[in-house]
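Student: Sequence:
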Amino acid sequence: MATSALTPHVNSFPQITTKVNKRSNEFAENVKLWKPILEKYQNALKLSASEGSEQSILKHTRRGQLRARERVALLLDEDSPFLELQPFAGYENPSSSPAASLVTGIGLIHNVPTMIIAHIPSLKGGAWNYFTVQKQNRATNIATKNGLPIVALVHSAGIYLPLQFHVFPYGGKLFRDLSVRTRKGHQSCAVVFGGSTAGGAYHPALSDYTIFVKGQANVFLGGPPLVKMATGEIVEAEDLGGAEMHATVTGLADQLAVDEFDAIRKARQWILTTTAARLVGRYSQPDVPPQPPLYDPEELYGVMNPDIRQPLDMMEVILRIVDDGRLDSFKPLWGKAMITTWAYIHGHLTGLIANHLPIISPDESDKSTQFVHVCNQMRVPIVFLHNVTGFMVGLKAERAGLIKKGAKFVSAISTSLVPHISILIGASYGAGNYAMCGRAFKPRFLFAWPTSRCSAMGPEQLSGVMDSITRTSAERSARPVDESRLSAQTEALRARVERDSSAYKYSSYLHDDGIIDPRDTRDVLGICLEVVKNTQIKSNPGSRNLARI
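According to my numbering, the residues represented by the sequence shown are 1 to 549, in order.
I should point out that these hints are in silico values taken from the structure, not numbers from a laboratory. Worth double-checking, as some hints may not be accurate.
Dumping the calculated DSSO-like pairs for lysine-lysine here, alpha-carbon to alpha-carbon at most 27 Å [what the hints assert, rightly or not]:
1) Lys32 to Lys22
2) Lys59 to Lys214
3) Lys538 to Lys184
4) Lys538 to Lys331
5) Lys442 to Lys505
6) Lys22 to Lys35
If you're wondering where the values come from, they're calculated on a predicted model, not measured in any experiment.
All chains should be modelled from the sequences, with the hints used to inform the complete structure.
Tutor: Structure (structure tokens):
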């Protein structure tokens with residue numbers, strides 16, 4: 001890497017000039033094509049932010065209780081950003097609810113990055129479905145991996161019993177994770193606003209600090225109906241597991257709050273005294289003073305055609321994400337289909353690996369492998385920008401040892417110890433997704449643009465392959481091909497893959513951490529980089545060998 005990277009407190013990387021003509025017809029046409037896509041995205045976000053029907057929300061607020069997102073807003077610092085995670089969990093799935101009845105995300109409390117987990121009680125009582133549990137487990141995993149405290153705003157009916165067999169096998173992971181967090185010194189606070197029944201009672205019980213709201217919180221393994229059925233005993237909920245009982249009899253409640261506002265104030269105080277004081281100076285500061293991008297992120301709509309089958313100059317995307325348009329490129333004249341470069345994003349030194357062309361060839365594999373090793377030696381996080389359809393195929397690529405070189409690339413990603421962050425921008429298919437640190441390779445964060453697609457193979461490729469296989473099979477069996485039937489089957493398969501590989505479908509199944517507006521990519525990365533640098537970045541001992549070997 002150039003010596004400029006070693007110059008303290010200054011971003012002295014070379015400044016790169018854009019090749020985009022903002023006055024061109026192509027730029028204007030791209031902007032026009034993005035408009036309906038962004039409208040769909042905003043409408044989907046609005047749907048996912050729903051907290052229930054008007055009737056259920058009114059019933060909830062008439063009790064004098066705040067809505068879930070109101071609780072989150074009051075908990076955070078007034079000027080805090082909030083990086084909401086997985087808002088499309090269970091999106092358009094009949095067995096789920098908007099946002100899976102759960103709000104998760106990262107925000108600042110007394111300037112401390114904190115993971116927030118908040119049940120939405122006005123959506124089916126905040127009951128857990130399959131997507132709720134997976135979303136909650138992901139939030140806990142992110143918090144633990146990055147050393148973040150957790151504040152959970154608990155108000156849930158527990159497992160949604162009609163779907164218990166889909167939920168139960170994964171529900172207990174939260175309790176194990178909370179126990180492991182305590183063992184590692186990562187603190188968790190549970191603020192109980194309402195019901196926390198059955199297995200859900202272990203959520204506050206396994207948290208390091210608990211705050212119960214007087215007259216609202218109820219925590220018990222079996223509620224009054226179950227107690228009556230099992231023992232014949234008739235008991236009131238308040239006597240069985242109310243806030244005052246747990247504050248004065250069992251000691252499960254560390255603090256008794258007079259109302260919801262008092263509970264939130266106490267949670268903020270807990271962060272200040274218990275967490276912030278212990279972690280003074282620990283949270284990452286930018287490596288250099290942050291600088292705005294040289295080119296407006298709004299221009300991304302003109303830079304990229306939303307049809308991901310069209311060519312994309314990934315360098316132009318990068319220039320609208322990094323500080324001041326400055327890059328320190330690694331091997332820019334070799335393996336040109338892959339961009340490997342260092343840059344600052346919101347002042348944080350970052351390695352970027354981006355698909356300039358959507359095919360990974362042998363040279364690109366070697367180049368990327370070496371870059372990963374160097375970033376590990378430097379202890380620098382890596383951001384992956386996906387637009388990849390897979391590895392090159394054919395005689396030349398196979399004889400060039402692409403299998404070996406691709407395996408080295410995948411191995412380097414697998415054994416890298418620096419934080420990885422992935423952004424799905426265009427296509428992300430097959431082994432190309434793996435090499436670019438897809439979900440299976442456990443990036444700290446993974447976000448997607450609304451136009452992105454992710455699957456084992458693209459719609460056209462998969463339907464084309466199946467068409468070819470069917471024809472070959474018919475030829476070997478000396479059977480005629482029913483062209484009409486084959487055409488219908490091929491089109492049906494293409495349409496299904498087109499639907500299932502969409503960003504919204506992918507996000508619905510929690511395979512990413514959320515769909516983001518392209519112009520927000522820089523700010524999302526800025527938050528993520530601050531979070532991943534919260535814990536000490538390790539170096540892979542294997543990277544101490546000569547990187548090019």
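Student: So which of those numbered hints doesn't the model satisfy?
Tutor: Those not satisfied: there are none.
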